[in-house]
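> For reference, the chains in residue letters:
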Amino acid sequence: MLCDYAELHCLSNFSFLRGASHPEELVARAQALGYRALAITDECSLAGIVRAHLAAREAGLPLIIGSELRLADGLRLVLLAPDREAYGDLSELISLGRRRADKGSYRLERADLASYSGRLLALWLPPEALDAEAEASGLWFAEQFPGRAWLAGELFHGPGDLRRLAELEALGRRCSLPRVAAGDVHMHVRSRRVLQDTLSAIRLGRPLADCGQALFANGERHLRGRFRLGRLYPEAWLAETLAIAARCRFSLDSLRYEYPEELVPPGRTPGSHLAALVSAGLARRYAGGMPESVRALVAKELALIAELAYEPYFLTVEDIVAWARGQGILCQGRGSAANSAVCYALGITEVDPGRMNLLFERFVSKERAEPPDIDVDFEHERREEVIQYLYRKYGRERAALAATVVRYQPRSALRDVGRALGLAEAQLDALSRNLAWWDSPESLPERLSEAGLDPDSRAARLLLPLVQGLLGFPRHLSQHVGGFVMSRGPLVRLVPIENAAMAERTVLQWDKDDLDAMGLMKVDVLALGMLSAIRRTLELIARRRGRPFGLADIPAEDPAVYAMLSKADSVGVFQVESRAQMSMLPRLRPENFYDLVIEVALVRPGPIQGGMVHPYLRRRQGLEPVDYPSEAVREVLERSLGVPIFQEQVMQLAVVAAGFSPGEADQLRRSMAAWRRTGKLDKFRQKLLTGMAERGYEQAFAERIFAQIEGFSEYGFPESHAASFALLAYASAWLKCHEPAAFLCGLLNAYPMGFYTPAQLIQDARRHGVAVLPVDVQASAWESSLDGQGAVRLGLRLVKGLGHAAGEAIARARPAQGYAGADELQRRAALDRAELAALAEADALASLSGHRRQAWWQVGGLETRRDLASTSPPEDPAPLPAPSLGEDLTADYRSLGLSLRAHPLALLRERLAAERLVTAQALSAMPDGRLARTAGLVVGRQRPGGGKVVFVTLEDETGNANVIVWSSLAETQRRELLGATLLAVYGVVQREGGVVHLLAKRLVDKSEWLGALSVPSRDFR
Amino acid sequence: MLERRAGGDWVRAPNATAQALGVQEGMKHAAALARAGALHGLRRQPARERETLEALAEWSLQFTALVSLEPPDALVLEIGGSLRYFGGLPALRRRLDAGLAEQGFTAPQLACAPTPLAALWQARAGRDETVLDAAALPEVLGRLPVTVLPLADKARASLEALGLRRLSELLALPSSGLARRFGPVLGQSLARALGQAPDPRPGFEAPACFVRRLELGWPASDGEALLFLGRRLFAELAAFLDRRGLAVQALCLELEHDRDPPSRRALGFGQATACAQAMLLIWREELARQALPAPVTAMGLRLREFCERQAPPRDLFDDPARRGEPALWLARMRTRLGEAALGGLDCVADHRPERAWRRGEPDAALPGMRDASPNADGAASGPAETRPGWLLAEPEPLPLREERPWHGEALFLEGRAERIESGWWDGEPVRRDYYRAAGPSGRHYWIYQDRQSLAWFLHGLFA
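Keeping their order, the protein sequence lines are chains G and C.
Residue numbers for the first sequence follow my numbering, beginning at 3 and rising by one.
Residue numbers for the second sequence follow my numbering, beginning at 3 and rising by one.
Next up, chain C with everything else stripped away, as it sits in the complex:
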């Protein structure tokens, strides 16, 4: 793993193969490469580490109400109150071990001590022992190396300069002198670890989630009842979202039925919204589009993922397309016609005509609103008017008759060639001279001659 810090990349947590080649923790990336040329480094992702730690904290909440985070790599669980419930320390320990292993944490460092810091330091030092007696702490902690202390690099270097290796040596020094040289925090930490000072810590709270279940008194299959449920549910959701400044882009309703297993209905809003009315509008479309499999007894909603709200919500009502709200209109069309029926046309900046467009997501931005980036020839947009309205899916080879390309009639070239030579980098290189051509019928064609094979092709038709 590579970590970016001042002065470049540093190696963290090399695996056994890398270590065998002489790569060590804390080594410069360049130095590691000199030893192991084929070294494969992964970039450290602090955000992912945080996520993992929080997920683990959430899981740990089943063992105690008080879990505190010690980023980047530790959790402290207050288990004094839980021991009886779980049947004693060994039993709790077994459950922890099993649960951690199940989640893929194969070698967790666990330690148990009367104070949070003592447990943390013991674990950091890799001492898997259980200390239950606070009076034993000075001796137990005294054996620990000073590296377990949460110190800045500079203070760490200072401890080394003083030749202090174990906490016992540190504890032997006058505490006022220590505070003067290392600041008050070191002494405070030591006091907390020894239980001489209180160590209040904020408990971990699971992140916000929205869970509601609304019951009807009876199995209902008419739309009105479901709209009624929806109205209540969305109102609560909107209030929840408003309080937190959040929005949702999609959600999934869970419908419970009398006898059948529950069914699900997904709603997409096209854009992030926190507006109950807009959600209801979509729910109405959905109900109109597809009949219910069975009468509904309850409707539930669980939401764990939200997005940031982009703009203050507005009251969208009536016909959104007329009000210039193409996004909502698109969402409704999609619900009505199905996902696959809608598509959009995207321009692609490529000189090759067959690559200059693609089917894309239907985009709420109206055609013509797109920005065309200037091309190398200084033009602001593509050569629209010289291109045919209809482009063949595949260029069609044209036979020659009397040395003239033939497509049901003889084709006469008009004007000069437009030469396109591009795409050598992606396996579909073209080298073509395009011409507008006309036949005696008066029809206009867009044809080209391949500059390599000199063969002729029909590529499009002008209206």
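For reference, chain G alone in the conformation it holds in the complex:
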């Protein structure tokens, strides 16, 4: 007869580089073996338990939460949580040990264990040598956990198992510790032994061949069958596992998260306080009278919020946003809950429900049991202030960042496995440089040979299977980009907190999926460069107009803005400035805000991979009829002309067309995010295809929907986010259209951000008639600014090698009539020689000292210590040659990354014309299909979504030329493509709906024509 058994000591792969199985695999295996319960006891960590819990709940297997610990003095034990309070103790103890050590390690002493020993169950893991010292430890252990301590006996077919068993039995008796069987499980099945050995080698940082006794002698540390356990352990030891399991009644389901309560003033309830804030906000928003539709919407939303008891969530977000606004930090919310009349009233978003009611149907849903989701973007340079505010307000006990589980990717897995197999670093470099073999494993032998590795060697043959096995394994915890969790009571009683790599940061051991599953409120505090640029632009406008000018003062639905965007005139505009977006704009021709929402969401890997882009465009251009397979589908897809574009639509389709329940649709959404890792979409695929077939939909349509679900997996883009982004896209487009000079300043001062370099932004602005003046110590401030005539004066921050303090000092100390000379500048601004040289090299001293070489000579002779200034003798002038235009250009680019003198290509135009290389302007006027050649500075290379084409942007004195390079050409002309600064392209003109591309047939590197000029290119994948 098979014995009954509960495994009480089991590590998942969240014991990083020790456990060799996912929690889900362990649960499934324990269930299949008929275990009565399974404890997940990762080392000083609860990072894997939510996944284990979800899997166990689904499987109906009792799960016990615990943790294995090794104290600083070497004592090893497993703690198990019998109830909620004990779980809190465990979480606190883990936090204590983690907070005390550097990221990734922990430190606990016996005293720490003693102070948390009141409720937890404890299994002692005795050392190898059962001597007097061990016995003393056992006695101490028994004393700390009266009635709750056991001696865990673990046998693995080592040498002398029987003797050890007898010794453990005797030791247990001497220490009055009951004996219990345990398995020190590191993997769910024996066949993971190979991977487990590899993980150990990676952990030890040595090749497998050098690991020797540090590896386990055999693969016994897996979930063993009950028949074998019955032969291995005494009956009493096995029975004890059940007794312990029976005492562990705690389930994660009983965790209750509570919102912070301090946001509600005394005498008010969360509901009444929220209602008050909302009505005050509405009065501010609709000073001229509120539309009836909005009033009704607000009432509906408030009722729903009350029903779900989400008031504290909205109050929390409101508090953050209100604080940021008080500090002058621009911010905006997005996400499903953000697009609500309530959020508009609270100032969390600017999406006006009176203007865009289309969006507001899909607010928080009652059916989907998901917590509300609001991400708030802040100016990128000031987000840290917001984070520190949250730590201050709630304390480190009650606020922490969510974790991100960093998992093995092909490249990192290859490196670590390769090292474990003893491959040379150079070979790994060569292999990981080109991961083409990853997508087509049949090319692996060839790649291995290239890397100097015999494809038939043992290491080569072991490599791929091991890399595949390691892929997706968690590697360490990192901090989430901005997901903050706040709670009423101490968070440490809910989930352990550990140190992040960054000082002053603490992270939870759970990632965002875990938090979602456990219903913990998370607010994403994110950084967005465009908000910085917009805030700066708005400030400049306000200063010039002499009255406040905010985001809300930008007029809505301005036809001039849409006309500009329809010409793909979008350099610098948020979200729609990429090459792919630019080629879409003239085809889509946005006419209103909702078109922009679609534009933002359409040019994404999801819709592209799902083949949704062209059907949408054809329907929009009236080239194909808009039809719907059913009335139900019409409701879902009408706003996007029958083509699913948004994540929400895909989920709704699953419900109305394939018969998913809202809960299942929500699971589908979660799985979308994780399918590449877990491969879990298969079951949804079957369900979706059969569900749609049953309801009479064509298989092609169903397959397309599924392809899109796959595409969404990594870049899922919900409508709720697209709407908020579109708002910023509109705002930035309006600023570009009507305040181009101020907008250029804003972009330059928020740099680095976006797709374009300052040089490109300036070129674009000048083509739009903006006057741009050079950096000049007599006129420039630290930041770029507007002068009295509305021209842009470049700021000192562009000067390479000049620090912020020095730049500010130059502007601050400048007399009203300007500096009299370089020596006065040096004295007043207290500049050192390096700073002066940086200014000379940027030609910022031209108005004081003549050309940049004279300026350099002059400041080089200044004594930079004040007391010596008067004693230095006057100098003879130096015979320095004035720089040529080309030399000045080169020096400008070197110091500033741009030049206002002339475009470098203007200097070369004669030579270019001799080779019949035409300008970008001439190219844009050519008819479709014409053979043409052009040349320009390579200012951008982009391979969207790692796809088959590379977009190259060439710049000359007349504008930009857009070049498409197919991957076949990119491969043969790799050197020219990646190496050229000045590139000539021979190709064919492609003209479609006002968009002109040059499809490259041949690339020629002309960089040597530029001499020493180096131009930065911004390359994106």
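Do not rely on the hints blindly, as some may be mistaken.
Straight-line C-alpha distance at most 30 angstroms; calculated DSS-like pairs for lysine-lysine [to be verified]:
#1 514(G) / 569(G)
#2 569(G) / 105(G)
#3 1008(G) / 30(C)
#4 950(G) / 1003(G)
#5 1003(G) / 569(G)
#6 156(C) / 30(C)
#7 105(G) / 395(G)
#8 689(G) / 569(G)
#9 30(C) / 950(G)
#10 30(C) / 1003(G)
#11 802(G) / 156(C)
#12 802(G) / 30(C)
#13 802(G) / 514(G)
#14 514(G) / 395(G)
#15 802(G) / 569(G)
With beta-carbon atoms standing in for the labels, derived distance ranges [to be verified]:
#16 176(C) / 932(G): 55 to 65 angstroms
#17 51(C) / 793(G): 51 to 61 angstroms
#18 32(C) / 141(G): 53 to 63 angstroms
#19 48(C) / 755(G): 36 to 46 angstroms
#20 48(C) / 918(G): 48 to 58 angstroms
Rather than coming from a laboratory, the hints here were simulated on the basis of the structure.
Values in this document were obtained by computation on a predicted structure and should not be read as measured data.
For glycine and all other residues, C-beta sits at the position ideal for the given N, C-alpha and C.
Given chain G, work out where chain C should sit, using these hints.
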């Protein structure tokens, strides 16, 4: 070649193939890889470069007494005094060219000028011309690019910012102003190159070597005479070593004979030593072990390689083993029995019994003094007492009789299996269950069952 500097690896001296793919000198490694994916980079080894330069300097000492190093890649030879001896400049030049080519330096940059720096800069600029007249230096040097100057990157950038490309442009600037902006060193270098300031430089000295030859007045074949020679030679060597804080681990004596060609005798001391007595002890063993091929007339010793001294030398005498000097004792045993006769047993950290030991160098550390690293199961050392004293060289297959493994008698399993599953990474994977087994004879065996084939093997015998 790759050079590690701030911010990563940089390409130096790409070969023609790499250059054809667009790889350039001074490019980031990553950038070079983007152009040439199959690029093979060698790490730059400054120590080897230095060695090469010094070896070349040593070779050059045949042409002049004054050779100075200009690391990393140049030598300056003062040849004014040697011209007559070598028969004039063209002849000397031919000898240099031929000698360099012989050593594999196929394209050396040579230049000749009245001052060391002028010659150096000319060579660095690749101008293979001979300037003999110091008055011509300003004009000749003026044509050189400023990049030949030994300047820091920052100063180099400054020259570029000023638009100065040739030394003539630099020389045209007021020298006080130049000194103020670039420091005094630049002006000094220029003055030295032009011969306006003296340029004393330290001459290269060949590294220390010990060369002695002691002659006997007569051909001797008795040990006493050779011991006498040895005593003198080792005393001198010890003094030489003492002065420099060096030691030797081995040396080779050269014995000259009356008519026969010279013979050699190698002595190894087991450890680095500078002690004459210890050397003599070994020499005595060597003489006792092997007879001389012929009477000896002289004994010589050349030593070029030394090691650092680890500890102050002690006077080792008498029986070293008794005094706990196993290293010396081992050296003597080795001399007496021959190299191959001595071996040691090393423990190897491996779960597979046949791989858990190997024959190693006889090690002066006594068994039991070795540290056993803790294994994954937490034990401090291997499972010594459960292992047999005698391990078969090859596991021996055991037949089955009545379903029991048989080795001259029926074998009965005792206790539980010890399971060993390991070694999948090196081509000798094992998956075995080991048992202690006993036969009716009372003998104990160590046998295992292969978990794949289920066949039985004898692997060891217990005492």
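> Does the Cβ distance between residue 48(C) and residue 918(G) fall inside 48 to 58 angstroms?
holds (51 angstroms)
> Sort out whether residue 569(G) lies within 30 angstroms of residue 689(G), counting only the CA atoms.
Not satisfied, since the Cα-Cα distance of roughly 44 angstroms exceeds 30 angstroms.
> Holds or violated: residue 1003(G) and residue 569(G), Cα atoms, limit 30 angstroms.
The hint holds at about 27 angstroms.
> Against the 30 angstroms threshold, does the CA-CA distance of residue 950(G) and residue 1003(G) hold or violate the hint?
holds (15 angstroms)
> Under the criterion that the straight-line Cα-Cα distance not exceed 30 angstroms, is the pair residue 802(G), residue 514(G) satisfied?
violated (40 angstroms)
> May I ask you to test the hint 51 to 61 angstroms on the CB atoms belonging to residue 51(C) and residue 793(G)?
holds (56 angstroms)
> I want to verify a distance hint. Is the separation of the beta carbons of residue 32(C) and residue 141(G) within 53 to 63 angstroms?
The hinted range 53 to 63 angstroms holds for residue 32(C) and residue 141(G), with Cβ atoms some 60 angstroms apart.
> Measure nothing beyond the straight line between the CA atoms of residue 802(G) and residue 569(G); if it is 30 angstroms or shorter, mark the hint as holding.
Violated, at about 35 angstroms.
> Is the straight-line distance between the alpha-carbon of residue 802(G) and that of residue 156(C) 30 angstroms or less?
holds (14 angstroms)
> For residue 30(C) and residue 1003(G), compute the direct alpha-carbon distance and say whether it is at most 30 angstroms.
holds (29 angstroms)
> So if I understand the rule, the pair passes when the alpha-carbon distance is 30 angstroms or less; does residue 569(G) with residue 105(G) pass?
violated (51 angstroms)
> Regarding the pair residue 514(G) and residue 395(G), is the alpha-carbon distance no greater than 30 angstroms?
Judged against 30 angstroms, a Cα distance of about 22 angstroms means the pair holds.
Checked against the numbered hints above, the structure violates hints 1, 2, 8, 13, 15; every other hint is satisfied.
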